[in-house]
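Required output: the full structure, derived from the provided sequences and hints.
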Amino acid sequence: MMTLRDVALKVSGAFVAIALAMLSVCVSAGAAKKPVDPRVRGGAAGAGNPLKNLTTDENTFFQDGFTRFIEVEVVQGGSNNGLGPRFNSNQCLSCHAQPAAGGSSPARNPSIAMATLNGAKNAVPWFNTQNGPVREARFKRKTDGTNDGGVHDIFVITGRSDAGACNIAQPDFRPAGNPLTGQGGNPNIVFRIPTPVLGAGLIEAIPDSVILANMHANAPEKAQLGIYGHPNAHLSGAANRSGNDLLMFAAEAYNVEMGISNQLFPQERDETPACLFTATPNDALNFTTAPRGAGTSDPAVISDTEAFSNFMRMLAPPTPAPDTPSTVNGRATFTKVGCAHCHTASLTTGKMIASGSSTVPSAALSNQTANLWSDLLVHHMGKGLEDGITQGGAGPDEFRTAPLWGVGQRIFFLHDGRTTNLVEAIEDHQSPGSEANRVIERFRRLSTHDQQDVINFLRSL
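Residue 60 is where the sequence shown starts when you use the numbering used here, and the numbers rise one by one after that.
If you're looking for bench data, these hints aren't it; they were derived computationally from the structure. Keep in mind that this is a model prediction, so the values were computed, not measured. Hints are not guaranteed to be accurate.
[To be verified] Have a look at the derived ranges for each label pair, beta carbon to beta carbon:
1. Ala228 x Ala172: 17 to 23 Å
2. Ile412 x Ser268: 14 to 20 Å
3. Arg497 x Gly454: 16 to 22 Å
4. Ala103 x Gly454: 36 to 42 Å
[To be verified] Capping the alpha-carbon separation at 30 Å, the derived lysine-lysine pairs in DSS-like fashion look like this:
5. Lys93 x Lys410
6. Lys180 x Lys201
7. Lys93 x Lys442
8. Lys395 x Lys281
9. Lys410 x Lys111
10. Lys442 x Lys180
11. Lys395 x Lys92
12. Lys442 x Lys199
13. Lys199 x Lys180
Note that CB positions come from ideal geometry on N, CA and C, so glycine has one too.
Shown next as structure tokens:
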């Protein structure tokens, strides 16, 4: 026979079960209110192609640049000598492969195989994992406590079959942190992931006057939102877009990422005598190549770094996906909440020559609308993203507004690749001192439907 105590326990248990069920529903409903990143959009890459309307000569230089972009560099004994002694990769394409040549970090990290290629004896640092982004490491300070900020290559050529008796050690990147986010671990080390170079020539062709005019546009509304971006000017006083220009960007990449000295960066990054096998600079103009004939130009004469800059200059921007009702609303909402004050929809190019072979501005680059979704300025992004590195006129928490064209097919986000989730990347724009704080507050106040449309719009780019 059931007692009153038994009845009470049953009733109590039923109430608990109902309460737990209601809590579960509430939690599920709360979770459903957050927008969801649909992840990398499928379909054709829509990237990696030359600009439309290139001349025959320009296309020749583009194809030559692409050929060198995918070449694998070696230490010695091949046609592409000069790798190392310290390096991050042996090929431009290995870091710029998603969704096509010229993009960003691929899904499968090439650093894992690179560590022991050709007999090398490198250990893979903790922050490079099979399914994580390619990361370059920068040290905030030197061992004597002074500011550093420079890239410290993760690999050495020691042990490689083409590296003779070279015997140098990798930097010590320990202690380890979270290998996927790159957070935690050695507090002196910060990371950067590869910058996409899709549409880089159009960005280079945007005049300083256009960048500055856009900076001053809508100034009262920007000030009300706490947005005060500025150009990261280099020594000439011109606005810095991705390095002084694409040739400087290419030359620094060859030297820093692959250890290849060139005419703009003639010094080896490690001058241990037993590790130097070729004349410096490793990469230079080739004056031994006979010209093809009167009125023609031969790309074989130019250096690899110049060929790389030609490739970037004539590389088309990514093709966005077709509009849908969701992405149309998302684009309008993106602008309405203020995101477009920094991620400016488009800027217009001036006159630009495509390659060193020409003295005539390129029709493919000149007077074009570049739908880059960036103001090309640097902004304070606050404590949450600050990494303590200064570059030119950019302070320790200032970063250039990343162009959003192609973001729909990017895998890793923010300067250090800490997340693969576009929603998290947006949320990470908000932290003490960030110029994006009030805009992110506006985004948070949107309905879930409108937030999702913004995410869908971004993934359509």
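Do the hints match the structure? See the list:
1. For the pair Ala228 and Ala172, the beta carbons lie near 21 Å from each other, so the given range of 17 to 23 Å is met.
2. For Ile412 paired with Ser268, a C-beta distance near 18 Å keeps the hint of 14 to 20 Å intact.
3. Taken as a hint, the range 16 to 22 Å holds for the pair Arg497 and Gly454, whose Cβ atoms sit roughly 20 Å apart.
4. Distance hint for Ala103 and Gly454: a CB-CB separation of about 40 Å, consistent with the stated range 36 to 42 Å.
5. Between Lys93 and Lys410, the direct Cα distance comes to roughly 45 Å. Violation of the 30 Å bound is thereby established for this hinted pair.
6. Our distance criterion of 30 Å between C-alpha atoms is met by Lys180 and Lys201, whose separation comes to about 25 Å.
7. Restraint check for Lys93 and Lys442: the C-alpha separation of about 24 Å stays at or below 30 Å, so the hint holds.
8. At most 30 Å may separate the alpha-carbon atoms for a hinted pair to count; Lys395 and Lys281 meet this at roughly 13 Å.
9. Distance check on the hinted pair: Lys410 and Lys111 sit about 16 Å apart at the alpha-carbon level, within 30 Å; holds.
10. Taking the CA atoms of Lys442 and Lys180, the gap is near 38 Å; set against the 30 Å cutoff, the hint is violated.
11. A distance of roughly 21 Å separates the Cα atoms of Lys395 and Lys92; the hinted pair therefore holds under the 30 Å criterion.
12. Note on Lys442 and Lys199: the hinted pairing holds, with a Cα-Cα distance of about 16 Å set against a maximum of 30 Å.
13. A distance of roughly 26 Å separates the Cα atoms of Lys199 and Lys180; the hinted pair therefore holds under the 30 Å criterion.
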